[in-house]
Amino acid sequence: MLVPITIQLSRGNFGWSLADFIIIAAILFAGCLLFDFAARRSPNLEYLLAVSAALAASFGVFVVNGAVGLVGTEDEAHNLFFLLVILVAIIGSYSARLRPKQMAWAMSAAALAHIVTSVAILASARGVSDGNPVMEVVGLAIFGGVWLASAMLFRQSARA
4 MLVPITIQLS RGNFGWSLAD FIIIAAILFA GCLLFDFAAR RSPNLEYLLA VSAALAASFG
64 VFVVNGAVGL VGTEDEAHNL FFLLVILVAI IGSYSARLRP KQMAWAMSAA ALAHIVTSVA
124 ILASARGVSD GNPVMEVVGL AIFGGVWLAS AMLFRQSARA
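Quick note, this note's numbering runs 3 ahead of the 1-based positions in the sequence shown.
These aren't lab readings, by the way, just hints derived from the structure by calculation.
Check each hint, because a few of them may be wrong.
To be verified - Think about it this way: if two alpha-carbon atoms lie no more than 20 angstroms apart in a straight line, the pair counts; the simulated SDA-like pairs of lysine to any residue are: (1) 104 to 144; (2) 104 to 141; (3) 104 to 58; (4) 104 to 115; (5) 104 to 42; (6) 104 to 17; (7) 104 to 140; (8) 104 to 163; (9) 104 to 86; (10) 104 to 26; (11) 104 to 51; (12) 104 to 125; (13) 104 to 35; (14) 104 to 46; (15) 104 to 37; (16) 104 to 30; (17) 104 to 41; (18) 104 to 94.
Predicted model, so just to flag it, every value in this text is computed and none were measured.
Start from the sequences and build out the full structure, keeping to the hints where you can.
This is how it looks when you write it as structure tokens:
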């Protein structure tokens with residue numbers, strides 16, 4: 004947060020409005036609270052790493068999608084479907100009651116939702132997107148991989 008604030012104050016051209024700063028601050032605060040909660044109840048290191056990966060994926064999908072758009076530009080409506088992936092992770096985590104074995108299934112569901120959403124949007128947005136298709140596929144694959152890494156770490160945590 005200090006880098007964008009410093010640039011905004013010194014040059015005035017970072018490109019963020021006051022609302023952007025407030026939203027990012029609120030998301031970072033919520034993420035830190037969730038991480039702290041997980042650290043207090045973490046049965047092992049794998050669990051903590053899994054929570055970290057899930058939070059990183061959620062934060063990354065939200066911020067990248069809002070800033071530049073995961074497919075095309077941030078103004079393209081189909082990018083809103085990626086918020087449903089985060090919703091899948093939240094609902095899955097709630098229903099899993101944060102137990103490692105069930106969290107592995109919840110994050111697997113989020114990874115699957117991310118992959119299905121990515122494929123569907125890339126297939127339907129052909130020729131519509133202004134973005135670099137290779138970079139879009141790489142970016143989408145990275146986020147899908149982070150969701151899968153979280154699921155695998157939760158699975159490892161359940162076995163420990």
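Evaluated hints:
1. 104 to 144: Between residue 104 and residue 144 the Cα gap is close to 24 angstroms, so the pair fails against 20 angstroms, i.e. violated.
2. 104 to 141: Judged against 20 angstroms, a Cα distance of about 29 angstroms means the pair is violated.
3. 104 to 58: Holds: residue 104 and residue 58 sit about 18 angstroms apart, inside 20 angstroms.
4. 104 to 115: Holds - the C-alpha atoms of residue 115 and residue 104 are around 17 angstroms apart, at most 20 angstroms.
5. 104 to 42: Distance ~17 angstroms between residue 104 and residue 42 Cα, so the pair holds.
6. 104 to 17: Distance ~43 angstroms between residue 104 and residue 17 Cα, so the pair is violated.
7. 104 to 140: Outside the cut-off at roughly 30 angstroms; violated.
8. 104 to 163: Holds, at about 11 angstroms.
9. 104 to 86: Violated, at about 24 angstroms.
10. 104 to 26: Cα-Cα ~32 angstroms, so violated.
11. 104 to 51: At roughly 14 angstroms apart (the allowed maximum being 20 angstroms), residue 51 and residue 104 satisfy the hint.
12. 104 to 125: violated (32 angstroms)
13. 104 to 35: Roughly 23 angstroms separates the two Cα atoms, so the pair is violated.
14. 104 to 46: holds (12 angstroms)
15. 104 to 37: holds (19 angstroms)
16. 104 to 30: Distance ~26 angstroms between residue 104 and residue 30 Cα, so the pair is violated.
17. 104 to 41: holds (15 angstroms)
18. 104 to 94: Cα-Cα ~15 angstroms, so holds.
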